[in-house]
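Participant: Letter by letter, the chains look like this.
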Amino acid sequence: MFLRALFILVASLLIAGLVNALHPNKIPWVQDWDGYVETKAREAGVQVVSWSFAQEQFEGKSALFVDARSVDEFEAGHIPSAISLPFEQLDDAFETLVELVESEPPLIIYCKNRDCDDGLLLAMEFQALEKTNVYYFVDGFDAWEEAGCPIVTP
Amino acid sequence: MSDRYSIKRILLFIAGLILGLVFLWSGISKLLHPEDFALAVYRYHLLPSPWVNLVALWIPVLEILCGVLVFVPGFRCAAVRMLIVLLVLFSIAIAYSIWNGNTMACGCFSTSVHTGSMSWSGLLKNIGLMVLAFVFDRNR
Numbered sequence: 288m289f290l291r292a293l294f295i296l297v298a299s300l301l302i303a304g305l306v307n308a309l310h311p312n313k314i315p316w317v318q319d320w321d322g323y324v325e326t327k328a329r330e331a332g333v334q335v336v337s338w339s340f341a342q343e344q345f346e347g348k349s350a351l352f353v354d355a356r357s358v359d360e361f362e363a364g365h366i367p368s369a370i371s372l373p374f375e376q377l378d379d380a381f382e383t384l385v386e387l388v389e390s391e392p393p394l395i396i397y398c399k400n401r402d403c404d405d406g407l408l409l410a411m412e413f414q415a416l417e418k419t420n421v422y423y424f425v426d427g428f429d430a431w432e433e434a435g436c437p438i439v440t441p
Numbered sequence: 314m315s316d317r318y319s320i321k322r323i324l325l326f327i328a329g330l331i332l333g334l335v336f337l338w339s340g341i342s343k344l345l346h347p348e349d350f351a352l353a354v355y356r357y358h359l360l361p362s363p364w365v366n367l368v369a370l371w372i373p374v375l376e377i378l379c380g381v382l383v384f385v386p387g388f389r390c391a392a393v394r395m396l397i398v399l400l401v402l403f404s405i406a407i408a409y410s411i412w413n414g415n416t417m418a419c420g421c422f423s424t425s426v427h428t429g430s431m432s433w434s435g436l437l438k439n440i441g442l443m444v445l446a447f448v449f450d451r452n453r
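Top to bottom, those sequences are chains U and V. Reading the first sequence from the start, the letters are residues 288 to 441 in the numbering used here. Reading the second sequence from the start, the letters are residues 314 to 453 in the numbering used here.
Think of the hints as simulated: they come from the structure by calculation, not from any bench. All values derive from a computational prediction rather than experimental measurement. Possibly wrong hints are sitting among the right ones.
[Unchecked claim] Pulled a few chain V residues facing chain U out of the computed Cβ check, cut under 10 Å:
| # | residue |
| --- | --- |
| 1 | 316 |
| 2 | 320 |
| 3 | 328 |
| 4 | 330 |
| 5 | 344 |
| 6 | 347 |
| 7 | 369 |
| 8 | 387 |
| 9 | 394 |
| 10 | 430 |
[What the hints assert, rightly or not] Per label pair, the in silico range of CB-to-CB distance:
| # | chain 1 | residue 1 | chain 2 | residue 2 | range |
| --- | --- | --- | --- | --- | --- |
| 11 | V | 327 | U | 415 | 52 to 60 Å |
| 12 | V | 452 | U | 414 | 52 to 60 Å |
| 13 | V | 452 | U | 390 | 56 to 64 Å |
| 14 | V | 345 | U | 391 | 21 to 29 Å |
| 15 | U | 390 | V | 414 | 20 to 28 Å |
No residue lacks a Cβ here, since even glycine has one placed at the ideal position from N, Cα and C.
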């Protein structure tokens with residue numbers, strides 16, 4: 288039994304190597320996930336949430352969505368009722384920032400996709416201002432749109 | 314007595330069939346989207362960074378191979394026990410993640426980020442499969 292189990296383990300590893308070498312979407316065997324935005328968010332103590340969590344909050348109208356992308360990206364399409372607060376222009380949006388810090392509902396911050404860190408930086412800004420119920424929807428607008436969820440377009 | 318034996322054999326065959334097909338399906342769906350499955354593995358935050366892709370590439374093939382070998386008499390025992398070990402590890406990982414408030418998709422039978430969050434019901438499905446594999450192994 289032990290030898291057969293060992294055979295299965297070794298054979299599966301070899302086949303995995305072969306499949307990955309021939310796969311059209313092959314991935315590297317070793318990847319640096321530590322540089323990933325999501326890892327940085329966890330290290331910063333920011334609560335990272337999934338698409339399904341964001342969708343539940345959206346359907347229940349229980350949270351405010353905050354869009355950290357640029358104004359142009361926001362105008363091209365955004366989650367309905369989301370507030371535009373581009374991280375790059377945060378200094379010009381002090382009033383909106385204060386209003387959101389003082390608001391009661393939880394904030395769900397999103398960016399373009401999981402490689403974009405403006406959303407994380409914005410979430411950290413709220414955290415620094417002692418806003419407690421802040422969530423970072425890491426998969427972002429692209430995943431939202433891809434899933435066929437409602438969006439506002441011009 | 315022989316009727317009861319036949320029914321037992323049929324039930325065991327069905328249990329083996331379910332087990333084999335579930336893992337075949339699960340493995341193939343992960344194998345088709347290695348990048349998405351690697352992301353799902355990463356999101357458990359249980360493995361050191363360099364291990365994530367290795368595990369994400371290995372597990373689907375292991376699942377498929379075990380799913381196939383459940384139907385091969387000489388390898389059935391080893392394959393089923395391997396599946397039990399996998400299910401125990403998956404269940405611990407899911408339980409730990411839910412306990413820590415992880416809301417990400419579990420990556421169990423689909424690698425899409427658009428599937429629901431990890432949940433206790435998902436964990437129960439895993440435990441159900443574990444029981445099925447255990448019963449199958451005991452009564453072969």
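Participant: Each hint: holds or not?
Facilitator: Here's how the hints hold up against the structure:
1. 316: violated, 32 Å
2. 320: Violated: closest Cβ of chain U sits about 28 Å from residue 320(V), beyond 10 Å.
3. 328: Residue 328(V) check fails; min Cβ-Cβ to chain U is 20 Å, beyond 10 Å.
4. 330: violated, 19 Å
5. 344: For residue 344(V), the interface hint holds, since the closest Cβ of chain U sits about 7 Å away, which is under 10 Å.
6. 347: holds, 5 Å
7. 369: holds, 7 Å
8. 387: Because about 8 Å separates residue 387(V) from the closest Cβ in chain U, which is inside the 10 Å limit, the hint holds.
9. 394: holds, 7 Å
10. 430: holds, 5 Å
11. 327(V) <-> 415(U): 52 to 60 Å: With a Cβ separation near 58 Å, residue 327(V) and residue 415(U) satisfy 52 to 60 Å, so the hint holds.
12. 452(V) <-> 414(U): 52 to 60 Å: Given a distance of about 55 Å, which is inside 52 to 60 Å, the answer is holds.
13. 452(V) <-> 390(U): 56 to 64 Å: Given a distance of about 59 Å, which is inside 56 to 64 Å, the answer is holds.
14. 345(V) <-> 391(U): 21 to 29 Å: Hint violated: Cβ distance 44 Å, outside 21 to 29 Å.
15. 390(U) <-> 414(V): 20 to 28 Å: holds, 23 Å
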